[in-house]
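Chemist: Listed here are the chains, written in short residue letters.
There are 2 protein chains.
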Amino acid sequence: MAEVKKGPLFITNTLTRRKEEFIPLNPPHVGMYVCGPTVYSDVHLGNVRSFITFDILYRWLTHMGYKVRYVRNITDVGHLVDDVDAGEDKIAKRARLEQLEPMEIVQKYTNGFHDVMRLFNLRNPNIEPTATAHLIDQIGMVERIVKNGYAYEANGSVYFDVPKYAEQYAYGELSGRKIDELIANTRDTEGMEEKRSPLDFAIWKKADPHHLMKWPSPWSEGFPGWHLECSAMSTKYLGRTFDIHGGGMDLKFPHHECEIAQSVAADGHAPVRYWMHGNMLTVNGRKMAKSEGNGFTPEELLTGNHKLLEKGYSAMTVRFFMLQCHYASTLDFSNAAMQAAEKGLERMMKAVALLDTLKPVPGEAVDLAALEQRCYEAMNDDLNTPVMIAELFEGVRIINSVNDGNMAMDAHGIARLKGLFHSMLFDVLGIQSTIGATNGANDETALDGLVKEFIRMRAEAKAKKDFATGDAIRDRLVALGILLKDTKEGTTWERA
Amino acid sequence: MAEVKKGPLFITNTLTRRKEEFIPLNPPHVGMYVCGPTVYSDVHLGNVRSFITFDILYRWLTHMGYKVRYVRNITDVGHLVDDVDAGEDKIAKRARLEQLEPMEIVQKYTNGFHDVMRLFNLRNPNIEPTATAHLIDQIGMVERIVKNGYAYEANGSVYFDVPKYAEQYAYGELSGRKIDELIANTRDTEGMEEKRSPLDFAIWKKADPHHLMKWPSPWSEGFPGWHLECSAMSTKYLGRTFDIHGGGMDLKFPHHECEIAQSVAADGHAPVRYWMHGNMLTVNGRKMAKSEGNGFTPEELLTGNHKLLEKGYSAMTVRFFMLQCHYASTLDFSNAAMQAAEKGLERMMKAVALLDTLKPVPGEAVDLAALEQRCYEAMNDDLNTPVMIAELFEGVRIINSVNDGNMAMDAHGIARLKGLFHSMLFDVLGIQSTIGATNGANDETALDGLVKEFIRMRAEAKAKKDFATGDAIRDRLVALGILLKDTKEGTTWERA
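If you're matching them up, the sequences are chains A and B in order. First residue of the first sequence: 1, per my numbering; consecutive thereafter. First residue of the second sequence: 1001, per my numbering; consecutive thereafter.
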């Protein structure tokens, strides 16, 4: 049997707009940074898609044997202001506990974000740094940029001097934008009177008196510009130049473009070798956005409690659905597509379950090495998860054929197929191997199925006037903490 | 029926060594700070006990209608050093990714800590600040202490001047220690040559070159003294003087004593009105400690995978066990005590389950208002959870009597009893209302029970040569992702 070739990995580098072989700077180490959530509101499904994309990358790199340091930040600097109407005096007199505390909001949404990541079975990053925990690093970076002449102070704020930087470096290289066009199209009015050019962006902002989050700095009591935290934290933990930086496509400009400029201006090094961007999620063909009323939360998705949802879908169905599309393509969310994914995942999980009961039949009718090879090739071709899933469905077809007695497969073949599904479906794609994964929250569904089976048997016994059996079933369930309720609509159950 | 009197709450204030009525500074707000974990190793069961104590306090204050801001910190400043043997040059040349990164360790143990808190059903604090995210605040506090003359710099480090402080303030008031005795007993040699008095403690330490975590400051590249973070973060989020500060008894001295001194020296205000300390957990009468080999982790406890454990115990059993002892008393962990708690919780959960099936019988033989009143009195008496649990067992006795037809209770009484258990057992004591809570991981146990019931029925059918029924049961379970395996020892099951 042919040896399976496990590499090399090719990924599309946004910087060069080409598919390139991935060669880490310090093998076997890989440094990977992904822009995380802003924790002042709930994460929406489009964000989840982006995080799942890089979860797959992390899992694949780990599967290939790399030692990955995966950093995903939390943006917790917020722009809440004091209740201005109350008047300065009243505010000053108010006890600390009566005042709005941004970190309380941060904690709430950070916890919520972590719950969602757990629900969708994402692996934890190795470091999850917060912007507020890296003020000193950010202030240091501003100082270096100012010292190198690529930023200037104006009225307590510090601005990055884009035209000056563009004289020497390629501002716009990542997003493909041209300086002239950018100037023509500029509409940003914030800090306009302080900026030398409309393209300049704040790397430190002086806070107005009502701003709640502010820190001392050489220029003013203020807060860092939004682009700065990722530059400071990625290089702090991964080195001045590191392997991979990922994020949603909407972050390419200005956020990531500015990250490059900041690093080059501060330290003279381009920070990132491979830039990767995940594409957007649309809903019924329209962009997902709160203003469109289609930006549903993961919770609404699970419960089906949203006008655009025909029913609830499990987190694993959503994950499977997303992976059936390449990360660089737009993905459209619709009930029809979700239900197709649900059926597909169910079919796959049933086949995986069958693997445990398959009876070996001497002979091996299929070339499993070739199937495995195609899985590797799919993932190494820019993380082509839809092709990988198609190959796994080929595996499903094989399992069903063997089960139906239409194909021979010996014990070794069955074990190999089992190994393939465990590593590719569970470890790499991160589909959870729990029962009932396709239509509910794991054990909950299996439990529900089992209880309903007992309810059915009890009804059967009652119909036959076998009340003793009916009562015995009820009692056994009570002992397990499960209470049956007979209603007009039939029997339901709940926990004790 | 008499109205239930819901207050006032009395708590033992370590500062005054008396039980005092709790009166918040800014009602209905309550500010509460608890010393959290150091995230450079696994949390052990003694820590868990302490956190559960303050979880109960948080739940009770919330139950009483207070708006609590609960802050529990994460100590993430660590003292890892570079591999000194490798030589300075080699270390300097090593890529960032190849170097030990303290924040990677911090992330691992923070995640683990959160998992444990979730397992034991603790509520999340409102703010969970980290020491590394509050360097600026800590440096500011050192500056104020120096400015006020209660600290001095020596060789890049800054020490708190205890004798100077003690001239004006009561150093030792919390722990009851006397300055003279402290001096006589001092054994601390760290920084001895720089300190003016052996009692002085570092509030800023200059880092040696191999120290991995260090920050710029007016005195040196260094790191804050351990006592400082709690002073800076508690007052930042709760105000210069706040209501309650909690922690394990081992933190009373020097940690909390130093916190008081730092706040007074920096800002002239005693920081805390009510100090509360939880007592220790011993194992078979001996102090729990890693060096004693009895400091088992929550995971070992659950699996029973430790030489001192006869079997595994569920998280809810442990929680129930801990709450059967008053927080200010030493609690001894033994297999016998755990098994008693397991049985007790099981008995209680079965009675709660019965509440849903109780048939009302006209009349009300017991005074439920009196029972409710005694629950309130127990909790208001310094969080006396063992008395509260004893009262709930009185409720269990009533439920069982009604169920056996030995006591009258109308529908209103049943509803009231149900409400009492839901609020006191589930909300206040934080026992999870899931099935099988007493002997396994929630749903898992119920699932196992149900599957075993099917296995039993299948065996029964087979014994009667009714193979069709036996096979039908097997097929239905497979459809739910549950696979039966017939072995010599009997039938077992596993997931697909």
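Among the hints, a few may not be true.
Stated by the list, open to error - Straight line, CA to CA, 25 Å or less: simulated DMTMM-like cross-link-like pairs of lysine to aspartate or glutamate:
id: 1; chain 1: A; residue 1: Lys464; chain 2: B; residue 2: Glu1104
id: 2; chain 1: B; residue 1: Lys1350; chain 2: A; residue 2: Glu453
id: 3; chain 1: A; residue 1: Lys236; chain 2: B; residue 2: Asp1082
id: 4; chain 1: B; residue 1: Lys1343; chain 2: A; residue 2: Glu494
id: 5; chain 1: B; residue 1: Lys1108; chain 2: A; residue 2: Asp115
id: 6; chain 1: B; residue 1: Lys1236; chain 2: A; residue 2: Asp267
id: 7; chain 1: B; residue 1: Lys1093; chain 2: A; residue 2: Asp404
id: 8; chain 1: B; residue 1: Lys1452; chain 2: A; residue 2: Glu494
id: 9; chain 1: B; residue 1: Lys1067; chain 2: A; residue 2: Asp137
id: 10; chain 1: A; residue 1: Lys214; chain 2: B; residue 2: Asp1466
id: 11; chain 1: A; residue 1: Lys359; chain 2: B; residue 2: Asp1466
id: 12; chain 1: B; residue 1: Lys1485; chain 2: A; residue 2: Asp404
id: 13; chain 1: A; residue 1: Lys90; chain 2: B; residue 2: Asp1356
id: 14; chain 1: B; residue 1: Lys1108; chain 2: A; residue 2: Asp83
id: 15; chain 1: A; residue 1: Lys108; chain 2: B; residue 2: Glu1128
id: 16; chain 1: B; residue 1: Lys1452; chain 2: A; residue 2: Asp208
id: 17; chain 1: B; residue 1: Lys1359; chain 2: A; residue 2: Glu494
id: 18; chain 1: A; residue 1: Lys236; chain 2: B; residue 2: Glu1104
id: 19; chain 1: B; residue 1: Lys1214; chain 2: A; residue 2: Asp471
id: 20; chain 1: B; residue 1: Lys1214; chain 2: A; residue 2: Glu128
id: 21; chain 1: A; residue 1: Lys236; chain 2: B; residue 2: Asp1466
id: 22; chain 1: B; residue 1: Lys1464; chain 2: A; residue 2: Asp475
id: 23; chain 1: B; residue 1: Lys1359; chain 2: A; residue 2: Asp471
id: 24; chain 1: B; residue 1: Lys1464; chain 2: A; residue 2: Asp471
id: 25; chain 1: A; residue 1: Lys236; chain 2: B; residue 2: Glu1453
id: 26; chain 1: A; residue 1: Lys93; chain 2: A; residue 2: Asp115
id: 27; chain 1: A; residue 1: Lys214; chain 2: B; residue 2: Asp1137
id: 28; chain 1: B; residue 1: Lys1350; chain 2: A; residue 2: Asp475
id: 29; chain 1: B; residue 1: Lys1093; chain 2: A; residue 2: Asp83
id: 30; chain 1: B; residue 1: Lys1452; chain 2: A; residue 2: Asp83
To be verified - Every beta carbon over 10 Å from chain A, so not counted as near; a handful from chain B, in silico:
id: 31; residue: His1029
id: 32; residue: Glu1128
id: 33; residue: Gly1156
id: 34; residue: Pro1216
Just so you know, the hints here were simulated from the structure itself, not pulled from any lab data. Backbone N, C-alpha and C define an ideal beta-carbon position, used for all residues, glycine too.
Chemist: Determine for every hint whether it applies to the structure shown.
Modeler: Now the hints, each set against the structure:
no., hint, in the structure
1, A:Lys464 to B:Glu1104, "violated (64 Å)"
2, B:Lys1350 to A:Glu453, "holds (23 Å)"
3, A:Lys236 to B:Asp1082, "holds (16 Å)"
4, B:Lys1343 to A:Glu494, "holds (23 Å)"
5, B:Lys1108 to A:Asp115, "holds (17 Å)"
6, B:Lys1236 to A:Asp267, "violated (34 Å)"
7, B:Lys1093 to A:Asp404, "violated (61 Å)"
8, B:Lys1452 to A:Glu494, "holds (20 Å)"
9, B:Lys1067 to A:Asp137, "violated (35 Å)"
10, A:Lys214 to B:Asp1466, "violated (76 Å)"
11, A:Lys359 to B:Asp1466, "holds (24 Å)"
12, B:Lys1485 to A:Asp404, "holds (20 Å)"
13, A:Lys90 to B:Asp1356, "violated (52 Å)"
14, B:Lys1108 to A:Asp83, "violated (39 Å)"
15, A:Lys108 to B:Glu1128, "holds (10 Å)"
16, B:Lys1452 to A:Asp208, "violated (66 Å)"
17, B:Lys1359 to A:Glu494, "holds (18 Å)"
18, A:Lys236 to B:Glu1104, "holds (12 Å)"
19, B:Lys1214 to A:Asp471, "violated (69 Å)"
20, B:Lys1214 to A:Glu128, "holds (19 Å)"
21, A:Lys236 to B:Asp1466, "violated (69 Å)"
22, B:Lys1464 to A:Asp475, "holds (23 Å)"
23, B:Lys1359 to A:Asp471, "holds (16 Å)"
24, B:Lys1464 to A:Asp471, "holds (22 Å)"
25, A:Lys236 to B:Glu1453, "violated (57 Å)"
26, A:Lys93 to A:Asp115, "violated (37 Å)"
27, A:Lys214 to B:Asp1137, "holds (11 Å)"
28, B:Lys1350 to A:Asp475, "holds (12 Å)"
29, B:Lys1093 to A:Asp83, "violated (52 Å)"
30, B:Lys1452 to A:Asp83, "violated (60 Å)"
31, His1029, "violated (4 Å)"
32, Glu1128, "violated (6 Å)"
33, Gly1156, "holds (17 Å)"
34, Pro1216, "violated (7 Å)"
Consistency with the previously given hints fails for numbers 1, 6, 7, 9, 10, 13, 14, 16, 19, 21, 25, 26, 29, 30, 31, 32 and 34, ordered from lowest to highest.
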